[in-house]
Amino acid sequence: MKLNRREFTLGAAASVAALATPAIAQTEPLRIGWLAALTGPTAAPAIGFNRGVLFATEAINAAGGVKGRKIEIITRDTQSDPTKAVNGTQELISSARVHGIWGPTNSGESLAVTPIMARAKIPNIHPCVVDPLIDPVKYPNAFRLAPSNTQWDDAVRGYALKILKVTKVAVIGDATGYGVAAAKASSEGLKKDGAEVVYVANIDATQPDMTPDLLRARNAGAQAIVVWSTSTGMDARLFNTRAVMGWDVPFVGHPSMSSGDIAKLLDKPENWKKVYAIGYRSCSYDEAGKLPPRSEELIGKLKGKVDLSDTLLWWVAGGVDAINLFAKAVTETGSSESAEIIKYLNGVKNYPGYFGEYTWSETNHNGYPTSDVVMSDASTARDGTFRLAPGYQG
Amino acid sequence: MLASILASGLAVGAIYALTGVTYNTMFMTSRVMSFTAGQLGMVGGVLGSLFALRLGLPVPLALLATLLCAALIGVITELVAVRPVLKSLDQHLYVLSTLALATMIQHTVAVKWSTEPQPFPAVFGFSIAGVDEKFWLPLVTCFAVIVGLEVLYRRTLVGHAFRAIAEDNFAARALGLPERNLRIASYALAGAIGALAGFSGGLLLLAFVANGPLLNFYGFVPVALGGLGNNRGAIVGGFALGLFQQAANFLVGGIFSSVAVFALFILVLLLAPQGLFGAPAARRV
Chain V
1 MKLNRREFTL GAAASVAALA TPAIAQTEPL RIGWLAALTG PTAAPAIGFN RGVLFATEAI
61 NAAGGVKGRK IEIITRDTQS DPTKAVNGTQ ELISSARVHG IWGPTNSGES LAVTPIMARA
121 KIPNIHPCVV DPLIDPVKYP NAFRLAPSNT QWDDAVRGYA LKILKVTKVA VIGDATGYGV
181 AAAKASSEGL KKDGAEVVYV ANIDATQPDM TPDLLRARNA GAQAIVVWST STGMDARLFN
241 TRAVMGWDVP FVGHPSMSSG DIAKLLDKPE NWKKVYAIGY RSCSYDEAGK LPPRSEELIG
301 KLKGKVDLSD TLLWWVAGGV DAINLFAKAV TETGSSESAE IIKYLNGVKN YPGYFGEYTW
361 SETNHNGYPT SDVVMSDAST ARDGTFRLAP GYQG
Chain H
1 MLASILASGL AVGAIYALTG VTYNTMFMTS RVMSFTAGQL GMVGGVLGSL FALRLGLPVP
61 LALLATLLCA ALIGVITELV AVRPVLKSLD QHLYVLSTLA LATMIQHTVA VKWSTEPQPF
121 PAVFGFSIAG VDEKFWLPLV TCFAVIVGLE VLYRRTLVGH AFRAIAEDNF AARALGLPER
181 NLRIASYALA GAIGALAGFS GGLLLLAFVA NGPLLNFYGF VPVALGGLGN NRGAIVGGFA
241 LGLFQQAANF LVGGIFSSVA VFALFILVLL LAPQGLFGAP AARRV
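Protein sequence lines, in the order shown, are assigned to chains V and H.
Just so we're aligned, residue 1 is where the first sequence starts under this note's numbering, counting upward by one.
Just so we're aligned, residue 1 is where the second sequence starts under this note's numbering, counting upward by one.
Excised from the complex, chain V in its bound form (with noise of 0.2 Å):
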């Protein structure tokens, strides 16, 4: 075939730039997008997870980046909107062309940009609660940092069931879309295991005064109850009503139960024993006041550094460990192609993060142990650490 001297300069071309690809890719920064709700209602999260996200970056950068490359984190503020979450995601991918991306941090964000990020085939971390958040195979991008609602259902259950020995159970949502879904399958998995649910409620956050719904748990018996609530002002309604009744129940539930606005809505601070929220072994110290060693570790290095007064420990961590988890990634194959991400992450395991050590295979993407879901004693806050509720073995 004859060339003519167009079609040898295209094809020089091409061949330069085609050489020169891999070259550029592996000095060109890693970088990864973050997805964060950092204005909105649901801001608290984002806020703790950026923190960790940007210490682990300078940490990270400061010794010489992954294998020469220096970390990138391209910030859109999702403004807890999930129309701006499809819109920075958009983003990210096409124009920022980031190589993985770490959030959203709501599940509603999260249920809106989870199929664009499947499509376009880009790794993904998130922390987001919802269970049909993760599908390995509709979604074999997708990898979760932090438990499933059902993981949360498991280890409430299984306080209130095997620690607390109650076998009748109350269980109360909020109205919303969340609380209605959550108190619905809590009973249901209460019932498969043998206890008696003797009154399920869902009641607007706004209701001003519980005594009706609590009267009515405790004339059916209820030995314990179970809240799915994320509303701070619902749950100090439930405990000062608890204590106007001289009803000793123990709540058990959600983490939002042990959240410091709680703190000002209490006719009195005992009203909050006996709240029992759900928590994390990592960030729970124990009767001594010491939390586990790797995350002692981490507070050593953070001192003076972040601020932990006003977040939470496992938010912070979770940020930390997911820019190593891409960091590692990229480490380890060599390559910060999207497939080999994808690849290594789905053979992660016991990876020692200092939120959790996760798991994670082609079958599955939820890689929180669940047997590192525990409850929280919910007043006892320390600096983003609470103490282990009582009756937990080692």
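It is worth saying that the hints were derived from the structure and are not from the lab.
Heads up, some of the hints might be wrong.
No farther apart than 30 Å at their CA atoms in a straight line, the calculated lysine-lysine pairs in the DSBU-like style are these [what the hints assert, rightly or not]: (1) K290(V) to K305(V); (2) K112(H) to K305(V); (3) K268(V) to K112(H); (4) K192(V) to K274(V); (5) K121(V) to K191(V); (6) K84(V) to K112(H); (7) K121(V) to K328(V); (8) K328(V) to K305(V); (9) K87(H) to K264(V); (10) K138(V) to K343(V); (11) K138(V) to K349(V); (12) K191(V) to K165(V).
Here are the computed distance ranges between Cβ atoms for each label pair [to be verified]: (13) G246(V) to D168(H): 56 to 64 Å; (14) G260(V) to T156(H): 47 to 55 Å; (15) P121(H) to G65(V): 52 to 60 Å.
Bear in mind that the values here come from a model prediction, so they are computed numbers and not experimental data.
Glycine included, C-beta positions come from ideal geometry on N, C-alpha and C.
Starting from the structure of chain V, add chain H where the hints point.
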């Protein structure tokens, strides 16, 4: 159980009644149903918490500051959402404009204040006959407002002027009453009443941004039941609503009590569209 229904039913009913009165006060001089009444109640609770707790002012001063700010919001409502649509009342544009302003107020508070309920200070701090302040304060406030409004409407010139405009707008103007200034004044008054509802109900409802739509809906029911512009009907309707809602809470439980309330509401309106106390407007032909 009956004691609990009475206590919380009457307390929350008093707040609904006052919100209904707020709606009526704004309606009286403008013929406009302003959907900002519930938000004024929410603002009363939020500003009360802001002045008394966050800024540390003594409670009487915090109350005064709250009422002044709410009166200002009332005046802004008149200026921004009511005056422009007065020319075309039959097109009901006021629904859009007042609802838009209500939404803006609500979201501003959500962004600046918080989306979580914040605590509210105890005003007096004592119980009466074993009834906690959060149950008797709204009742006492409602009673005080009723007495105050009666004195205003029957004994003062301004009150007479308000009633004149409410009864016959054209005649009042023909007699030389300054309609615009009176309207502004009545919106300021309505703002203060709405804020008083929220302030007195602060211990019960907390300083919570979600109280806005709640009071908007439930404050509208007494107005519809009692007849637009009829304060006595609004008060009775408010207490009836509060009691019925609490009874439904106890008997049927949380979510279904809302269903029960609105089912009854629709039933009453089907049977008596002008409200239980309103009279069908007669027109001279």
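Tested hints:
no. : hint                           : verdict
1   : K290(V) to K305(V)             : holds, 21 Å
2   : K112(H) to K305(V)             : holds, 28 Å
3   : K268(V) to K112(H)             : holds, 28 Å
4   : K192(V) to K274(V)             : holds, 25 Å
5   : K121(V) to K191(V)             : violated, 40 Å
6   : K84(V) to K112(H)              : holds, 21 Å
7   : K121(V) to K328(V)             : holds, 19 Å
8   : K328(V) to K305(V)             : holds, 23 Å
9   : K87(H) to K264(V)              : violated, 48 Å
10  : K138(V) to K343(V)             : holds, 16 Å
11  : K138(V) to K349(V)             : holds, 22 Å
12  : K191(V) to K165(V)             : holds, 15 Å
13  : G246(V) to D168(H): 56 to 64 Å : holds, 59 Å
14  : G260(V) to T156(H): 47 to 55 Å : holds, 49 Å
15  : P121(H) to G65(V): 52 to 60 Å  : holds, 54 Å
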